[in-house]
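First residue of the first sequence: 1, per the working numbering; consecutive thereafter.
It should be emphasised that the hints constitute simulated quantities derived from the structure, not laboratory data.
Wrong hints could be hidden among the right ones.
Think about it this way: if two alpha-carbon atoms lie no more than 25 Å apart in a straight line, the pair counts; the simulated SDA-like pairs of lysine to any residue are [said to hold, decoys possible]:
| id | residue 1 | residue 2 |
| --- | --- | --- |
| 1 | Lys222 | Thr417 |
| 2 | Lys746 | Ile644 |
| 3 | Lys194 | Lys99 |
| 4 | Lys99 | Ile112 |
| 5 | Lys145 | Glu201 |
| 6 | Lys153 | Arg492 |
| 7 | Lys113 | Gly739 |
| 8 | Lys134 | Lys707 |
| 9 | Lys372 | Glu320 |
| 10 | Lys321 | Thr409 |
| 11 | Lys702 | Lys787 |
| 12 | Lys670 | Ala687 |
| 13 | Lys582 | Pro214 |
| 14 | Lys787 | Val804 |
| 15 | Lys4 | Ala700 |
| 16 | Lys25 | Val745 |
| 17 | Lys651 | Glu735 |
| 18 | Lys222 | Val171 |
| 19 | Lys4 | Asp623 |
| 20 | Lys270 | Lys227 |
| 21 | Lys670 | Lys113 |
| 22 | Lys805 | Glu783 |
| 23 | Lys145 | Asp526 |
| 24 | Lys585 | Gly537 |
| 25 | Lys304 | Ala280 |
| 26 | Lys227 | Asp564 |
| 27 | Lys99 | Asp122 |
| 28 | Lys670 | Gly211 |
| 29 | Lys670 | Pro614 |
| 30 | Lys707 | Ser751 |
| 31 | Lys408 | Met258 |
Estimated spans, in silico, between C-beta atoms of each pair [said to hold, decoys possible]:
| id | residue 1 | residue 2 | range |
| --- | --- | --- | --- |
| 32 | Asp758 | Arg635 | 26 to 32 Å |
| 33 | Asn694 | Asn168 | 50 to 56 Å |
| 34 | Val818 | Asp215 | 38 to 44 Å |
| 35 | Gly94 | Asn16 | 49 to 55 Å |
| 36 | Val776 | Val796 | 15 to 21 Å |
| 37 | Glu775 | Lys113 | 51 to 57 Å |
| 38 | Asn694 | Thr803 | 42 to 48 Å |
| 39 | Asn16 | Arg635 | 45 to 51 Å |
| 40 | Pro614 | Asp122 | 28 to 34 Å |
The C-beta atom is built at its ideal place from N, Cα and C for all residues, glycine as well.
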Amino acid sequence: MNQKYEFAEIEAKWRNIWAGQKADKAVHDPNKKKFYLLEMFPYPSGRIHMGHVRNYAIGDLLGRFYRMNGYNVLHPMGWDAFGLPAENAAIERGTHPHKWTLQNISAMREQIKALGVGYDWDREIATCHPGYYKWTQWFFLQFMKKGIAYRKKTFVNWCGKCHTVLANEQVEDGACWRCDTHVVQKEMVGWFLKITDYAEELLADLELLAGKWPDRVLTMQKNWIGKSVGAKVKFAVDGASESIEVFTTRPDTLFGAMFVCLAPEHELTKKLSAGGTEEAKVAEFLKTVAKQDTLARTSEDAEKLGVFTGRYAVNPMNGEKIPVWSANFILAEYGTGAIMSVPAHDTRDFAFAKKYNLPIRRVVLQEGEDEKAPLESAYSGDGLLVSSGNFTGMNNREAVPKINEFLKTAGAGEGSTVYRLRDWGISRQRYWGSPIPVIHCHKCGVVPVPEKDLPVVLPTDANLLSEGRSPLPELESFLNVQCPRCGADAKRETDTMDTFICSSWYYHRYTSPRCESAPALREEIDYWMPVDKYIGGIEHAILHLLYARFFNKFCRDIGLLKADEPFSNLLTQGMVIKDGAKMSKSKGNVVDPDDILRRYGADTARVFILFAAPPERDLEWDDSGIEGSHRFVTRVYRLFAKWIPELRDFKGGGDAPDAELRRMRHVTIKRFTLDVRDRTHFNTAIAAGMELLNFLADYAPKNDDDKAELKGTLLDYLKVLHPFMPFLTQELYSEFGYGEYLTTVKWPEYSEAFTVSDVQTIVVQVMGKVRAKLEVPVGTPEEEIKKLALVQEKVVQAIGSGTVKKIIVVPGRLLNIVF
RNA sequence: GCGAAAGUGGCGGAAUUGGCAGACGCGCUGGACUUAGGAUCCAGUGGGCAACCGUGGGGGUUCGAGUCCCCCCUUUCGCACCA
1 MNQKYEFAEI EAKWRNIWAG QKADKAVHDP NKKKFYLLEM FPYPSGRIHM
51 GHVRNYAIGD LLGRFYRMNG YNVLHPMGWD AFGLPAENAA IERGTHPHKW
101 TLQNISAMRE QIKALGVGYD WDREIATCHP GYYKWTQWFF LQFMKKGIAY
151 RKKTFVNWCG KCHTVLANEQ VEDGACWRCD THVVQKEMVG WFLKITDYAE
201 ELLADLELLA GKWPDRVLTM QKNWIGKSVG AKVKFAVDGA SESIEVFTTR
251 PDTLFGAMFV CLAPEHELTK KLSAGGTEEA KVAEFLKTVA KQDTLARTSE
301 DAEKLGVFTG RYAVNPMNGE KIPVWSANFI LAEYGTGAIM SVPAHDTRDF
351 AFAKKYNLPI RRVVLQEGED EKAPLESAYS GDGLLVSSGN FTGMNNREAV
401 PKINEFLKTA GAGEGSTVYR LRDWGISRQR YWGSPIPVIH CHKCGVVPVP
451 EKDLPVVLPT DANLLSEGRS PLPELESFLN VQCPRCGADA KRETDTMDTF
501 ICSSWYYHRY TSPRCESAPA LREEIDYWMP VDKYIGGIEH AILHLLYARF
551 FNKFCRDIGL LKADEPFSNL LTQGMVIKDG AKMSKSKGNV VDPDDILRRY
601 GADTARVFIL FAAPPERDLE WDDSGIEGSH RFVTRVYRLF AKWIPELRDF
651 KGGGDAPDAE LRRMRHVTIK RFTLDVRDRT HFNTAIAAGM ELLNFLADYA
701 PKNDDDKAEL KGTLLDYLKV LHPFMPFLTQ ELYSEFGYGE YLTTVKWPEY
751 SEAFTVSDVQ TIVVQVMGKV RAKLEVPVGT PEEEIKKLAL VQEKVVQAIG
801 SGTVKKIIVV PGRLLNIVF
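Let the hints inform the model, and build the full structure from the sequences given.
The following block contains the structure:
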């Protein structure tokens with residue numbers, strides 16, 4: 001065999017062979033236990049970057065590992081192919097998003113193939129393909145049927161640069177998640193999905209994921225859903241027919257409510273002040289608030305501003321008339337958009353009352369406190385109720401259900417739960433996305449496109465407009481259509497769907513990617529789902545992962561599948577950074593994967609990336625580190641080049657080989673198995689591989705038994721290394737005379753008994769400090785070890801004239817002499 | 001401000017249950033081979049001359065602490081008027 005490691009040749013050779021054999025094809029087989037492995041599919045931006053390489057290297061390693069361990073592995077790849085960058089790039093370059101996207105897909109597919117990732121390419125999907133988005137649209141129709149998709153006019157997040165609306169999840173610190181442009185509020189009509197119908201289940205089922213998803217992600221989702229338990233209470237407006245409904249988490253403090261506060265956007269703010277003494281002041285106030293930036297207005301340290309509306313509300317508990325205010329810190333979209341203010345027991349209300357000189361009344365007291373004593377700050381803790389009518393004297397927490405009951409009887413409210421989660425705004429005023437399949441008819445109103453007419457094809461001949469606006473509203477051939485209900489002239493909806501919809505169900509589609517009768521075949525989807533390991537970046541902690549969970553639950557509810565949760569296990573990989581910063585063109589610290597592959601080959605690139613850090617941690621790219629990994633891969637090659645000619649045809653040998661060689665063999669298999677399967681820490685597995693290499697490099701067999709053991713060790717070594725460096729190991733396996741695809745070869749087993757040496761080192765400590773080490777045969781009696789330890793020169797010295805009080809023994813490891 | 005995670009040699013990182021801190025690799029030093037070395041191989045490499053000292057700092061528990069407890073510092077991330 002070639003003495004030199006020609007990685008380019010080796011990798012090209014096996015890439016072709018595997019592709020020709022469709023070696024990584026996944027086939028539904030109910031008799032085999034399945035393993036669905038998935039990396040978050042990429043946006044086809046044009047080139048892969050190191051983050052992708054890391055993502056796929058981790059995925060491929062696990063895919064091959066589980067296959068070798070007897071699982072039927074589904075490991076697919078596809079493209080999140082709709083989205084804004086395609087449009088922007090197309091405008092810039094004078095091409096078309098469709099063409100640009102398809103070109104990018106071909107280029108990136110080649111790059112990924114070069115990495116040697118064992119995907120089942122027959123299952124490749126692209127969300128911009130009509131065969132795919134037909135079903136995206138179909139889902140929209142199902143949502144409509146169930147009343148989950150609806151249209152409303154409301155204030156939405158508008159990104160001026162992207163020229164489109166954004167969902168709440170897509171706004172980060174008041175800026176567009178994609179381009180960082182400051183988001184403004186704009187009132188417009190759009191489509192929404194009632195994800196809030198699933199708020200409780202999305203929250204509760206996080207329990208099912210505990211321990212299997214990173215805690216960080218679970219916490220983020222929990223906070224995002226933001227459940228609050230409390231009560232809704234109606235305050236009648238004095239001298240008016242309206243009443244104000246407020247939400248509070250503290251119905252126990254109702255008797256301390258000194259005023260009511262409306263959000264400026266609340267319809268009653270204008271209505272109640274109209275014609276009253278405060279009308280002008282309220283109007284002025286609303287103008288000021290309108291000018292305030294949303295982000296600034298809702299930040300904690302923003303100045304609290306308010307205005308009296310001139311009206312009074314009646315507290316249903318005690319009939320007390322309290323003033324109605326409007327305040328800038330009240331959010332129209334949370335709860336009911338109105339609150340009752342209890343300055344004594346809420347920090348914000350306290351500050352507000354102080355500022356506008358409003359009264360404060362304590363209704364929850366700690367033991368021994370004086371009700372009349374002035375408050376320095378709000379007390380939000382527990383205690384006994386005072387000044388609370390029939391509830392006076394009760395423990396505040398115990399009073400809550402009783403007060404709720406009273407409210408209900410009085411018709412003034414009831415216990416209630418609200419969520420911070422808002423409905424998902426999915427209309428996008430852009431072109432390169434899936435059309436929303438509805439038609440607007442003068443007579444019939446909004447009419448869904450009949451399922452048989454799907455897909456509503458996105459025309460690929462549209463001329464893009466330079467300012468980014470969608471060409472669809474001006475494209476007559478797309479726009480004009482007959483109403484499917486009455487046949488009259490009608491117009492198509494020109495908004496497209498948020499691309500997060502496309503990515504909310506792609507993992508279902510992989511299970512039967514060419515199915516034409518449904519999004520996926522029931523028996524396929526129920527066999528493969530849920531995804532057993534999902535690998536991707538933490539940046540989707542809320543966005544994609546929340547949307548996908550919602551979609552999956554909806555799919556379950558309409559009878560498409562049975563899994564409650566789509567992703568049983570989530571691995572969030574860290575970023576690839578260089579010089580302490582995320583790789584980016586603007587920082588000029590980008591390492592091009594192609595360049596690395598050309599210089600070192602895919603096996604080296606993978607080994608480096610897996611070795612440099614455990615997967616969830618950020619990985620610091622290091623040019624000399626990759627040299628080191630290349631050295632390791634090359635040394636592996638040379639080791640085999642040395643032994644294969646001699647061992648290839650060697651047969652025979654007995655079962656009494658060199659114990660140390662045998663121990664190294666079993667220890668290595670054990671470490672690989674546990675590190676990959678249980679810990680998903682690949683860096684330590686590679687370290688074990690390096691240790692075995694260091695051992696084998698100096699090893700010389702003394703007899704045929706040793707030779708047989710060495711051959712077995714080398715073959716096992718190839719197997720455990722295979723998921724890390726598939727090309728090289730396959731080449732060496734074949735040089736050894738074996739024909740099979742290594743990924744289909746059984747993962748080696750280790751014997752616990754062979755992992756232990758027959759001598760062991762016992763550390764001898766005196767008062768916790770290491771003074772000596774003893775080499776003793778396994779099974780040496782404790783008494784004998786103690787005796788030996790006590791005569792060690794260093795031990796005698798350390799004890800000096802002291803008397804030994806006790807000796808602590810950790811069997812097989814350590815001995816601590818206390819005096 | 002609140003919450004979470006992290007802090008270990010010059011660097012990336014090991015130490016799985018409280019039991020030899022620094023595995024493995026990078027880098028560095030010296031050597032071998034060589035016309036040459038940015039190839040390869042060998043040896044060494046936490047600090048200190050030593051006793052000893054060392055896992056962000058300070059206390060504690062324990063025969064024994066990187067690991068457990070308390071206080072503090074730093075970094076990263078998340079949340080941040082949510083009634």
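Hint check: Lys787 vs Val804, CA-CA at most 25 Å. Holds or violated?
Answer holds: Lys787 to Val804 is near 12 Å, not above 25 Å.
Range first: 51 to 57 Å. Now tell me if the beta carbons of Glu775 and Lys113 are that far apart.
Hint holds: Cβ distance 52 Å, inside 51 to 57 Å.
Within 26 to 32 Å or not, the Cβ separation of Asp758 and Arg635?
This hint holds: roughly 29 Å between Cβ atoms.
What's the verdict on Lys4 and Ala700, does the C-alpha distance respect the 25 Å limit or exceed it?
Within the cut-off at roughly 22 Å; holds.
Does Ile112 sit within 25 Å of Lys99, going by the straight-line distance between their CA atoms?
holds (20 Å)
What's the verdict on Lys25 and Val745, does the C-alpha distance respect the 25 Å limit or exceed it?
Distance ~15 Å between Lys25 and Val745 Cα, so the pair holds.
Given the hint that Lys321 pairs with Thr409, does the C-alpha gap stay at or below 25 Å?
holds (21 Å)
Is the straight-line distance between the alpha-carbon of Lys582 and that of Pro214 25 Å or less?
At roughly 22 Å apart (the allowed maximum being 25 Å), Pro214 and Lys582 satisfy the hint.
Quickly compare the C-alpha distance for Lys805 and Glu783 to 25 Å and report which way the hint goes.
holds (15 Å)
Is Lys194 within 25 Å of Lys99, Cα to Cα?
Roughly 34 Å separates the two Cα atoms, so the pair is violated.
Just to be careful, I want the Cα atoms of Lys99 and Asp122 compared with a cutoff of 25 Å; is the pair within it?
With a Cα-Cα distance of about 22 Å, the restraint between Lys99 and Asp122 holds, given a limit of 25 Å.
Satisfaction of hint between Asp564 and Lys227, Cα-Cα up to 25 Å
Answer holds: Lys227 to Asp564 is near 20 Å, not above 25 Å.
Checked against the numbered hints above, the structure violates hints 3, 8, 11, 20, 21, 35, 39; every other hint is satisfied.
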